[in-house]
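J.: Just so we're aligned, residue 1 is where the sequence shown starts under the working numbering, counting upward by one.
Because the hints were derived from the structure by calculation, they are not lab data. The beta-carbon is built from N, C-alpha and C at its ideal position, and this holds for glycine as well. Keep in mind that a hint or two might mislead.
Claimed, not checked - The calculated label-pair distances, taken between Cβ atoms and stated as ranges, are:
#, residue 1, residue 2, range
1, 85, 191, 38 to 46 Å
2, 310, 200, 21 to 29 Å
3, 186, 348, 48 to 56 Å
4, 119, 397, 22 to 30 Å
5, 313, 114, 18 to 26 Å
6, 397, 112, 35 to 43 Å
7, 191, 244, 15 to 23 Å
8, 394, 174, 23 to 31 Å
9, 304, 384, 33 to 41 Å
10, 397, 234, 17 to 25 Å
As the list claims (entries may be wrong) - Calculated lysine-lysine pairs in the DSS-like style (CA-CA distance at most 27 Å, straight line):
#, residue 1, residue 2
11, 254, 138
12, 33, 339
13, 378, 339
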Amino acid sequence: MKRKFTKTVLNAVFVLGLCSIMGGTSYAWDGKKDGTGTHALIAEHGLTMLNNDLNQNEPKPIKQNIEILNKYLKDLKLGSTFPDYDPNAYDLFQDHFFDPDTGNNFTLDNKWYVASPIYDTAETQVRKFATLAENEWKKGNYKEATFLLGQGMHYLGDLNTPYHAANVTAVDSPGHVKYETFVENRKENYALNTAGSDTTQGIYKDAVANKDFDQWMTQNSVKYAKKAKALYYSHSTMKHNWDDWDYSGREAIKNSQVCTAGFLYRFINEVSEDQISGNNLTNEFNVVLKTADNEYAGTDDNVYFGFETKDGNKYEWNLDNAGNDFEKNQTDNYILKVKNDVKVNTNDITKYWVRKENRTPISDDWELSNIKLISNGKVILQKDINKVFSGNQVYDINK
């Protein structure tokens with residue numbers, strides 16, 4: 001939401017200055033608005049690899065869902081490039097970075113960054129979009145689900161990018177843009193059509209070993225980001241030569257495609273089975289809210305989300321990202337961590353609420369369209385609200 005004036009101005013000046021240096025883009029693997037470019041190539045070839053590697057003894061639901069995914073390939077590719085063109089994206093695309101050793105993007109790791117930190121990373125965005133995609137797929141909304149899945153694959157591609165896994169931005173090194181332009185110009189040379197084994201072996205077998213989808217997604221992202229970060233230091237800096245960059249690009253794009261193929265296989269397994277996660281304990285949630293697409297729907301007032309468990313414990317968070325949130329037709333997400341790492345049993349939650357609080361004596365009304373709450377790789381709450389919040393108001397959401 002809009003912050004206090006001084007903080008807002010300082011953040012704006014800082015970000016605008018960086019945009020002039022960084023060109024207003026994260027510039028990871030290239031992607032065009034029309035669903036072409038390196039990100040789209042990775043998504044398409046990841047699916048091609050899965051089709052080519054599919055064991056013919058796979059269960060019928062697996063085969064059927066892969067055919068559905070094939071049908072919506074264009075939406076997968078459009079989704080794979082959309083995060084670079086999302087009008088609601090962070091100005092410096094901070095959430096496209098992920099250092100597997102710190103678990104952060106550059107806003108927390110790089111000392112020169114003095115604006116408000118961003119807690120979303122490429123890793124958390126992979127989990128968010130894959131979970132939302134699974135939720136829509138199981139409702140039969142395949143087109144929307146595939147577009148959401150494509151967005152998750154975008155962030156998966158980003159964390160396979162050496163500069164992004166090392167949290168090295170265009171501010172830190174001119175090599176960031178130069179390297180990724182070098183790879184973009186050679187991407188077709190790096191395309192794969194198979195992972196080298198069928199879906200009973202190798203990366204595909206590994207992809208379904210951990211039955212906890214949320215845990216597996218994190219483990220998978222960390223595994224591949226570590227490879228990308230190692231590539232940065234061994235072959236991708238400005239000190240390295242063209243042959244080094246060619247080796248790095250080939251390995252990084254290979255890893256991106258292999259990683260995507262394995263992820264798509266795991267996703268298809270998730271949507272093909274009626275799986276109920278046995279892990280109901282968590283200390284982290286991700287809440288996604290959509291502000292209505294009506295004039296004056298947005299607000300500068302404070303917004304909170306909370307819930308109560310059956311033992312009477314109440315938990316509430318102020319929803320406040322860097323920059324402006326709760327703008328007209330904007331989707332905002334917030335990573336919510338329980339204090340002191342206390343584990344909450346989601347089965348014990350008895351009610352949820354959204355609360356608006358005036359920041360000034362004059363209320364700035366807000367119209368909320370819908371809300372979704374993610375925990376352990378599952379959407380545990382989704383509700384169309386379609387309500388105008390006026391003044392200081394609490395809206396209870398019963399389970």
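J.: If a hint holds in the structure, say so; if it doesn't, say that too.
T.: The hints, checked one at a time:
1. Checked against the hint of 38 to 46 Å, the pair residue 85 and residue 191 fails, with Cβ atoms roughly 23 Å apart.
2. Checked against the given bound of 21 to 29 Å, the beta carbons of residue 310 and residue 200, roughly 44 Å apart, lie outside it.
3. Restraint check, residue 186 to residue 348: a C-beta distance of roughly 53 Å satisfies the suggested window 48 to 56 Å.
4. Remark: the range hint 22 to 30 Å for residue 119 to residue 397 is upheld by a beta-carbon distance near 24 Å.
5. Distance hint check: the CB atoms of residue 313 and residue 114 are about 36 Å apart, inconsistent with the given range 18 to 26 Å.
6. Between residue 397 and residue 112 the beta carbons are some 41 Å apart, a value that agrees with the proposed interval 35 to 43 Å.
7. At roughly 21 Å, the beta-carbon separation of residue 191 and residue 244 lies within the given 15 to 23 Å, and the hint holds.
8. A hinted range of 23 to 31 Å for the beta carbons of residue 394 and residue 174 is inconsistent with their spacing of about 51 Å.
9. Checked against the hint of 33 to 41 Å, the C-beta distance between residue 304 and residue 384 comes to roughly 20 Å, which is inconsistent with it.
10. Between residue 397 and residue 234 the beta carbon distance is about 50 Å. The supplied range of 17 to 25 Å is therefore violated.
11. About 30 Å separates the Cα atoms of residue 254 and residue 138, which puts this hinted pair outside 27 Å; it is violated.
12. Restraint check for residue 33 and residue 339: not satisfied, since their Cα atoms lie roughly 40 Å apart, outside the 27 Å limit.
13. A threshold of 27 Å between alpha carbons decides the hint, and for residue 378 with residue 339 the separation of about 21 Å falls inside it, so the pair holds.
Hints 1, 2, 5, 8, 9, 10, 11 and 12 from the list above are not met by this structure, while the remaining hints are.
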